[in-house]
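Position 654, counted from 1, in the sequence shown is what full-length UniProt numbering calls 654; the numbers after and before it change by one each time, with no gaps.
Mixed in with the good hints there might be a few duds.
Said to hold, decoys possible - Simulated pairs of lysine to any residue, SDA-like, Cα-Cα distance not exceeding 20 Å:
hint, residue 1, residue 2
1, K61, K153
2, K170, N107
3, K164, D604
4, K313, L636
5, K321, A358
6, K382, R372
7, K259, D306
8, K368, E384
9, K160, A597
10, K493, D26
11, K638, S331
12, K150, N240
If you're looking for bench data, these hints aren't it; they were derived computationally from the structure.
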Amino acid sequence: MTALPASALNSSVLQPDIIHSQTITDIVTSLNQDHYNSIVLNDELSGKVLDQYLDSLDPSKAFFYQSDIDEFQQYRSLIDDEINNGNLTAAYAIFNRYQQRTQERLNKLITTLESPDYSVDFDRDESIITDRETSQWSASKAEMDEFWRKRLKSALLGLKLADKPVDEAKKLLLKRYKSQLNRALQTNNEDVFQSFANALTMQFDPHTQYFSPRLSENFNINMSLSLEGIGAVLQSENDNTKVVRLVPAGPADKAGQLKPADLIVGVGQGEDGEIEDVVGWRLDEVVALIRGPKDSVVRLDIIPADGDENQHKIIKITRNKVKLDEQAAQSKVIRIEHQGKPYKLGVISIPAFYIDFAALQRGERNYKSTTRDTARLIEELKTEDIDGLIIDLRNNGGGSLREANELVGLFISRGPTVQIRDPQGRVNIQGDPDPRIAYNGPMAVLVNRLSASASEIFAGAIQDYQRGLIVGSQTFGKGTVQTLSPLHHGQIKLTHAKFYRISGESTQHKGVIPDVALPTLYDADEIGESSLEGALPWDMVHEVPHQRYMNFRAILPELNKRHVERIKFNPDFLYMNAQIRRMHENKQDKELSLNEATLKAERDKSEQWLLDQENQRREAKQLPAIKALSELDDLLEKDAQGRTISPEQEAILHETGNVLLDMIELTDNYMAINY
Numbered sequence: 001m002t003a004l005p006a007s008a009l010n011s012s013v014l015q016p017d018i019i020h021s022q023t024i025t026d027i028v029t030s031l032n033q034d035h036y037n038s039i040v041l042n043d044e045l046s047g048k049v050l051d052q053y054l055d056s057l058d059p060s061k062a063f064f065y066q067s068d069i070d071e072f073q074q075y076r077s078l079i080d081d082e083i084n085n086g087n088l089t090a091a092y093a094i095f096n097r098y099q100q101r102t103q104e105r106l107n108k109l110i111t112t113l114e115s116p117d118y119s120v121d122f123d124r125d126e127s128i129i130t131d132r133e134t135s136q137w138s139a140s141k142a143e144m145d146e147f148w149r150k151r152l153k154s155a156l157l158g159l160k161l162a163d164k165p166v167d168e169a170k171k172l173l174l175k176r177y178k179s180q181l182n183r184a185l186q187t188n189n190e191d192v193f194q195s196f197a198n199a200l201t202m203q204f205d206p207h208t209q210y211f212s213p214r215l216s217e218n219f220n221i222n223m224s225l226s227l228e229g230i231g232a233v234l235q236s237e238n239d240n241t242k243v244v245r246l247v248p249a250g251p252a253d254k255a256g257q258l259k260p261a262d263l264i265v266g267v268g269q270g271e272d273g274e275i276e277d278v279v280g281w282r283l284d285e286v287v288a289l290i291r292g293p294k295d296s297v298v299r300l301d302i303i304p305a306d307g308d309e310n311q312h313k314i315i316k317i318t319r320n321k322v323k324l325d326e327q328a329a330q331s332k333v334i335r336i337e338h339q340g341k342p343y344k345l346g347v348i349s350i351p352a353f354y355i356d357f358a359a360l361q362r363g364e365r366n367y368k369s370t371t372r373d374t375a376r377l378i379e380e381l382k383t384e385d386i387d388g389l390i391i392d393l394r395n396n397g398g399g400s401l402r403e404a405n406e407l408v409g410l411f412i413s414r415g416p417t418v419q420i421r422d423p424q425g426r427v428n429i430q431g432d433p434d435p436r437i438a439y440n441g442p443m444a445v446l447v448n449r450l451s452a453s454a455s456e457i458f459a460g461a462i463q464d465y466q467r468g469l470i471v472g473s474q475t476f477g478k479g480t481v482q483t484l485s486p487l488h489h490g491q492i493k494l495t496h497a498k499f500y501r502i503s504g505e506s507t508q509h510k511g512v513i514p515d516v517a518l519p520t521l522y523d524a525d526e527i528g529e530s531s532l533e534g535a536l537p538w539d540m541v542h543e544v545p546h547q548r549y550m551n552f553r554a555i556l557p558e559l560n561k562r563h564v565e566r567i568k569f570n571p572d573f574l575y576m577n578a579q580i581r582r583m584h585e586n587k588q589d590k591e592l593s594l595n596e597a598t599l600k601a602e603r604d605k606s607e608q609w610l611l612d613q614e615n616q617r618r619e620a621k622q623l624p625a626i627k628a629l630s631e632l633d634d635l636l637e638k639d640a641q642g643r644t645i646s647p648e649q650e651a652i653l654h655e656t657g658n659v660l661l662d663m664i665e666l667t668d669n670y671m672a673i674n675y
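Using the sequences plus the hints, can you model the full thing?
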């Protein structure tokens, strides 16, 4: 395949179908009538839709010229009028220009790579900006050519440092750009409409989204879990596919190598199938490539979130369905020596808030649910004479609201648990009417940045009742409710309600702030509701009267003081804090060297730093040193499902136990003094 001639550029001008004019007005009607956020479609919003549309098409400012952007300003105050009239002239005019610029650039790249005279000087001292969010659009063809010269060189250098010969790297990139050109030529009117419609819905909030008929089918398939995959929630970010979270007990979670905020840049089929470059692909195309039959293998080329941009890693995942019984709550007992005395603490890990509705509707008495399973596990732990209980909600992305409410009810006699506010401002209070308590002893709830939605409702209620300590890191901040509504053409998912704690505080955006904060390797700027553009804000409604079981506020200063002292020289916490500092330092570096020796030295230095940190930790724990990080795969323990047990996560659980035991001691002292 050779590059297309100039005459073939923009050979097919895309235009809206008649159904699209009706659908855009249907979308506006749904947003106005049913969305939680009341927004007027006016000139101000028109400008925001234009900016969002341009950013979604060309996030790296790599194709449009400044002259294109200047020309598009004629639409800044007209898009709202066009939308109200079912007119999509501006949307398609902008997209057709984008198609033209994309094809021009891809053809030039292909021509460059196919030229026998093309060569690269890897000894030249120069660099490229990696974060172009604040960059300007190219003012001239020469400026655009220079940007792409560096971008092409950077891609070649990355492959060369990954031990690819330059000729092979050129062939790989040639295949990438031809593939991108082929997909650009296959873009249809429906793709354009969906892109523009979502530039509009994004103005209401990031969870509101239009699905074309084809994507509606994919969305419904995903919701029913009828196709096998890897169990990961993905989103597009610039030209990459980013991991948002892993489905608990899913294939990726079990494999233990894929992490939230990792970038997927290549996908290969089977044990040794060629890895296909997916940089610049649409999200639905990447998802289709990752999907596959049960028990088949998919290989992913990833850029780890905690590494440097030029470091790639190939991981292997066996596709499968997520099994409900593997997402069920599980318990164990941990033993901790505290203040010279041995203690036993029960731990109940809840990966999701689940309920078997089908079994419930069939009238089965023993249907599975989070609350039922947890109540059973509590009874089992009581026979172990535990001194306290930890509810572990780390990485729990939510699930059934009903289960979150009922789970709170296991630990309080009765009372409100959550407030739900609708677009009209009406507040519905849900709660626990059952006075029975499954466990009335001391407890802590362990959360992290991936604890979301129903997890935040439970943790927030336990905190508001002062029923237990919240330990860990700030939660996700997902405090909104979405519904799916059919349209004549496709469907729309929109936000129609908001969660509030019984204290009156929203869980939206802010999440739940722990009473005792532990280090986290998740960057809040990359993961969480506050990292999403256009997320609804935090606010409050009226507090609901409720009981308070303890007065933790009186002991929190001493609790946190003890915690800080205890982890000051803990090898695992020293390791985590060093990783966090390194992550923030890497984030500040916006430039990537294009000199081979310099870049290789930086990469080697980074790898050596990671190895040194690991060996420092191992020495402090009286473990033998390792020569390469790859040795850890065989050295680290595995759980019952074959997942690697992270020393950092175990250290956090153990420290939560120490905090809980401190709380028991300090509470007893406080009660003795004040009562």
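Okay, the hints, checked on the actual structure:
1. K61 / K153: OK: K61 and K153 at ~18 Å, within 20 Å.
2. K170 / N107: holds, 15 Å
3. K164 / D604: holds, 17 Å
4. K313 / L636: holds, 19 Å
5. K321 / A358: holds, 18 Å
6. K382 / R372: Between K382 and R372 the Cα gap is close to 16 Å, so the pair holds against 20 Å.
7. K259 / D306: Status holds; Cα separation ~9 Å.
8. K368 / E384: Not OK: K368 and E384 at ~24 Å, beyond 20 Å, violated.
9. K160 / A597: holds, 12 Å
10. K493 / D26: It holds: about 13 Å lies between the C-alpha atoms, which stays within 20 Å.
11. K638 / S331: Measuring from Cα to Cα gives roughly 16 Å; hence the hint holds.
12. K150 / N240: Holds - the C-alpha atoms of N240 and K150 are around 19 Å apart, at most 20 Å.
Figure legend: structure checked against the earlier numbered hints; the only hint not met is number 8.
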